[in-house]
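Protein chains: 2
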Amino acid sequence: MRLIVIGGDAAGMSAASQARKRRGPGELEILAFERGDFTSYSACGIPYWVGGMVDGPDSLIARDPAAFQQSGIDVRTGHEVTGIDLAARRVAVRTAEREFTEGFDELVYAAGAVPTRPPWAAGPVAGVFGVQTLGDGAAVQEWLSSVRVRSAVVIGAGYIGVEMAEALIWRDLKVTLVEQSPQPMSTVDPDMGALVAKSIENLGIELRTGVTVKALETEKDQIRAVVTDAGTIPADVVILGLGVRPNTALAEAAGIPLGVTGGLATDLRQRVTGPKGTVEGVWAAGDCTQVLNRVSGRQVHVPLGTHANKQGRVAGINLGGGYATFPGIVGTGITKICDLEVARTGLSSKEADAAGFRYVTATVESTNRAGYMPGAVPMTVKVIAEKDSGLLLGAQIVGRAEAAKRIDAFAVAVWNRMTVTEMTALDLGYAPPYAPVWDPVLIAARKADEAL
Amino acid sequence: MRLIVIGGDAAGMSAASQARKRRGPGELEILAFERGDFTSYSACGIPYWVGGMVDGPDSLIARDPAAFQQSGIDVRTGHEVTGIDLAARRVAVRTAEREFTEGFDELVYAAGAVPTRPPWAAGPVAGVFGVQTLGDGAAVQEWLSSVRVRSAVVIGAGYIGVEMAEALIWRDLKVTLVEQSPQPMSTVDPDMGALVAKSIENLGIELRTGVTVKALETEKDQIRAVVTDAGTIPADVVILGLGVRPNTALAEAAGIPLGVTGGLATDLRQRVTGPKGTVEGVWAAGDCTQVLNRVSGRQVHVPLGTHANKQGRVAGINLGGGYATFPGIVGTGITKICDLEVARTGLSSKEADAAGFRYVTATVESTNRAGYMPGAVPMTVKVIAEKDSGLLLGAQIVGRAEAAKRIDAFAVAVWNRMTVTEMTALDLGYAPPYAPVWDPVLIAARKADEAL
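Which chain is which? The protein sequence lines are A and B, in order. Numbering that gives the first Met the number 0 numbers the first residue of the first sequence as 0 and each following residue consecutively. Numbering that gives the first Met the number 0 numbers the first residue of the second sequence as 0 and each following residue consecutively.
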């Protein structure tokens, strides 16, 4: 039996590894095609590489093709799958040298995501980069070291945009961060976004919110400036942090149905499903799929390495004859901007509105440690709870230290459908170097309980 | 109506504050008696005060008597309650100057805990100290600054003993830590205790486990050495970290029934209960009470400020005419020894055995951050799960940074009776500065799932 995997990053290679663990090479042949040069890498690490905190690209690679080969997974980089023939059970593959087809019994579709590109960013321009792949990271690095770069513009102030803006500050550039919406990090509420905005500005980044990019200005095919509805910003390098969409082109062409978000829809075991049921022998995992948000009950597209790894693992266990399910997400996300930590889980106010919830919010100021301990710094925690029921719908944290990972307590509470009233009794870790006697998480739950 | 509170620390004053919040002075008179000099202080902060990291004692006081008086709570320090007459509804009180009685309608018993003292530590010896109260902390400070102290012996290697041993190292003393059981921190499993032992020794503390203290050697009523079954250890100062038991003497004398652990038993609303039902108008909270361990289903005595605060708050809300419950604990505890962080929740292997569980364990080595990030250091996570059902019974973490508070994810999972299988899907925060793409919590859950 032969398994073909399309995409050699987190989702695809996790699936391949788990399948291999359960079925030996005599039982299952595994062939993975990756169009780029790298396998199983941490795209999330690219900003730290560009910022000079981390050596790259090798350190960002969890497992290279040689290691996979050794464990009996035939992974081929520089191989782009160009077509899937479901009836004939084969894929068409192209390399720099040749084109050929390979047959499969089972297929894992893990093609990832493709960057969102507005019309003004449609064509390639020297000095304009996305940051999706290690190749992108290498290209940015080369540009920064070979061209005389003074001014950088980062377009889009989501996770990657904010992280790249910080990275470029570390490279001693003048950085402008342009965002169409009124706040950076629109995954958190406006009041929390305002704290993020202040921190971005304190870092020396020029933050321009509510600004729409209209065009890129070039000179000899090289970037020169970003033209916006609020003026032109000179730029020797432009980073695009405009988000991504599921890379489903091959699936669509093969007649594989898409879900409501435009991502591939799967069942709990990561088998691709459509209106007519499961697509026989086709699995999907990672950024090309949609996932269930367990709080809203809606399908969403949340491209994150952590989900991709979990989904890939689940697909691989099932392919290997085991049983595992991916029961969805609760919308957890964390990041840092310099020493500011930002975290969220569950639904933001906007998302709660969209899902139809009636809710109360409570925001508290506390500290990471007992107030009298050295290193005690402020932390803001916001909780969103359903009116009447008190069900925890979401939480957001902004703080200067030991803040972001506190979201995990909320994430597990959301997962288990706890009420904020029940949360006030939670037995969280207490010791003066790590928390006030009432942890900020508990204080926020208390305040939400009182607000009900 | 008059409420009398016995004990002016966390539990008692939380109760008083919550009751006051809900009932004005015209409706409810609140009188609190504290035999010591301080109210609402952080005893947990004493080691950091002794170690010189924190100024004391003022900074360790959350709220002083004057602040309580201002909010309409008549708290009297230096007032020791010496008797309770339940039938006559009054307490006998003694100060340095006089004795008197005061009547009550409602009583909150929050007398805390008293240190365990073996026969050899029965009488007071100059240079031998407990560390239960701020007064104890002040006495240690005075001794260290007024007497020529070179060698310190800390007896008992639980939380407070370990923390005090570290504090005394910061004071440039030669420190020996003596523990009767074979490992320090017997609240964690032996394999995790071994990691703690190594860290204690690396700190320059001489750790002597499996050693029983037989006597204190004095000269002119002043400490000179600690005599053990394995030799005599010179000591210019001795710290007793031998644990505490519920301070129930007054309650017993008044005929108030005790629970199976020797602590006061309460219902969910913190009303004292006995075999014949609720004791009318008597509430209890804090270190003098027993609490439900939600995992073992057993009553336990766990003297911790965080539980005391919660129980006091619950008692006060109910006293004030509101409704709140304290549904028990899951056994969470965290501490640090220099840069080693130690955490546990749920049941240890020994506790799981005692409760009658059959279980599997899984231990993993991971890192606090993505391996390629600066500051990535090792972390060991151990998970205990019920055989067959996969129910998470407990978890322990030892690490060098960003380790201890990771226990909260486990604590919330234990609280919600999750299985380790379900835990593998948890949506915990991921970003390279804060976690590997599989958080150590998830890796441990995966390994336990595989062990089932």
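One should not assume that every hint holds.
If chains are identical, the list can't say which one is meant, so a pair holds when it fits in one copy or spans any two.
Stated by the list, open to error - Simulated crosslink set (DSS-like; lysine-lysine; CA at most 27 angstroms straight-line): (1) K197 to K20; (2) K20 to K386; (3) K446 to K213; (4) K446 to K20; (5) K197 to K213; (6) K349 to K386.
The set of hints was computed from the structure by calculation and includes no laboratory data. This one's a predicted model, so the numbers in the text were calculated from it and none came from an experiment.
Violations among the numbered hints: Violated: hints 1, 3.
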